[in-house]
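Participant: Following the hints, put chain B in place on chain A, whose structure we already have.
Protein chains in written order, with the working numbering: chain A, 1 to 252; chain B, 1 to 248.
Think of the hints as simulated: they come from the structure by calculation, not from any bench.
Just so you know, nobody snuck in bad clues.
Residues from chain A that face chain B, not an exhaustive set, calculated with beta carbons under 10 Å:
| no. | residue |
| --- | --- |
| 1 | Thr-51 |
| 2 | Gln-55 |
| 3 | Leu-58 |
| 4 | Ser-62 |
| 5 | Pro-75 |
| 6 | Cys-132 |
| 7 | Ala-241 |
| 8 | Tyr-249 |
| 9 | Met-252 |
From the three backbone atoms N, C-alpha and C, an ideal C-beta is built for every residue, glycine too.
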Amino acid sequence: MSGISRRGLITAGVAVAAGASGVGVAASLARRYGLVPPDGGGVYGAGETLTYAAQRLLTRHSLAREFSRSQISRPPFANVVDPLGEDFKRLQAGGFADWRLAIDGMVAAPASFSVAEIRAFPWRSQITHLQCEEGWSYIAEWIGAPLSHILHLTGALPQARYVVYRSLQPDWWDSIDMADALHPQTIVAHGMNGGELPVPFGGPLRLRVPRQLGYKSVKYITRLTVTDDLKRFGKGLGSSAPEGGYAWYAGM
Amino acid sequence: MPDSAAATARVMRVRARHGAVVRVTHWITAVAFLALLLTGLEIVISHPRFYWGETGNVLSRPLFKIPIPASRVTVPTGYGYVMPDQNGWSRYLHFESAWAAVITGLIYVIFGLFTGHFRRNLAPGRADLTFRALSSVVAGHLRLRRVSEDEASSYNVLQRVAYLLVIFVLFPLVIWTGLAMSPAVASAIPWAVSVLGGQQSARTIHFFVSIALALFLLVHVAMVCVSGFRSRMRAMLTGGGAREVGRT
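Excised from the complex, chain A in its bound form (with noise of 0.2 Å):
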């Protein structure tokens, strides 16, 4: 008997053992919990449903810092979009008079509001983050609707665990969970740094989710879908983000 021993070779049994009914009984409670991301499977999931789990346990409630006029990025930058189509130029020609938004799904009252009827909504105005993946940032005024406000007149209801936002843009949609949905932060900004939100910025409609990356942030918003199941949109893994090989979650 030499290197290992018999009661080495238990102990390490017993741990292992102990290991792996740990991680199993801590995925079925992440399920049970709603705590796994839809883009929870396949190799990164495990890393995902993590970062996702430990979030929505220590910060469900906290709001994303926000800043000082003097701190607003002067110039702030606005990313490149996939070029804006026909559709958008009349719309814009048109002040965006025509533009709605629609709320469908699982509400009481689905509707459809123009932008003037978001801007006469009770609205917030706050200075914060804007943070892109690609590691660059800049801060800004954003004022809009809260989405809460939103999903409370069109009564969301209570089964409802995600809002799905799609926009002008067929490629670019996203979700988010009921925790980010009806967070005081999350709104449909229609103004930024005391003005209108210009059109490279989103303009006239974007959801702002100051407490995820820049690009859950989605620009030209149309519709919101309040659903209890994400299987049922594009490849089933919450937005177009993870189809691209992007986080669903980007809290980080």
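Facilitator: Frame of chain A, contents of chain B only:
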């Protein structure tokens, strides 16, 4: 009979140079760290500019730039081409490896505190910290003196200081600055960002600490090669070393 009994007792007291927990955590950390290093480099390529403070983008003045082409068209690099964009899987793997490294590191540190591993194997002795002792070790290294038998079974003071620095300063700092870049973590623990000077400062510090860790890795691997690659690898893989303990 008495002779063979004594021999058995001796053999039983031969202890592994590295305990099982140290070996397992070492290799998990090694794999995770390599993955972090490669994916980290890949992420940097998407924006090889660094800033100080809260914000920074291509319209603001960088602290410094790395003179490499970028994987995004929006970054002015002076090169006429754009690198292939591998940010998606790099980010997925970066964070998964970070979890592996952090969980492994926690197990190792708890183990080390409870078993006296740090006190026994890593804390430098008082006598080793005198100027004379330190300068003799440094001089020995500079003259490329071969490791003595005594040192082969225990760490010298430079190794101890280097390992402690990596375990208790560089790794915590790289984890902290990494978390400080997360918008969700920043919302929950804002002071963890502000004491670093802002989120872009956190990114810049994260970059430099990673370079320090990569340099440590280089020296570490070089020293393993110099001091006997096969025996060092055997010690860290199977624990098999000829270190006897319990002899008084």
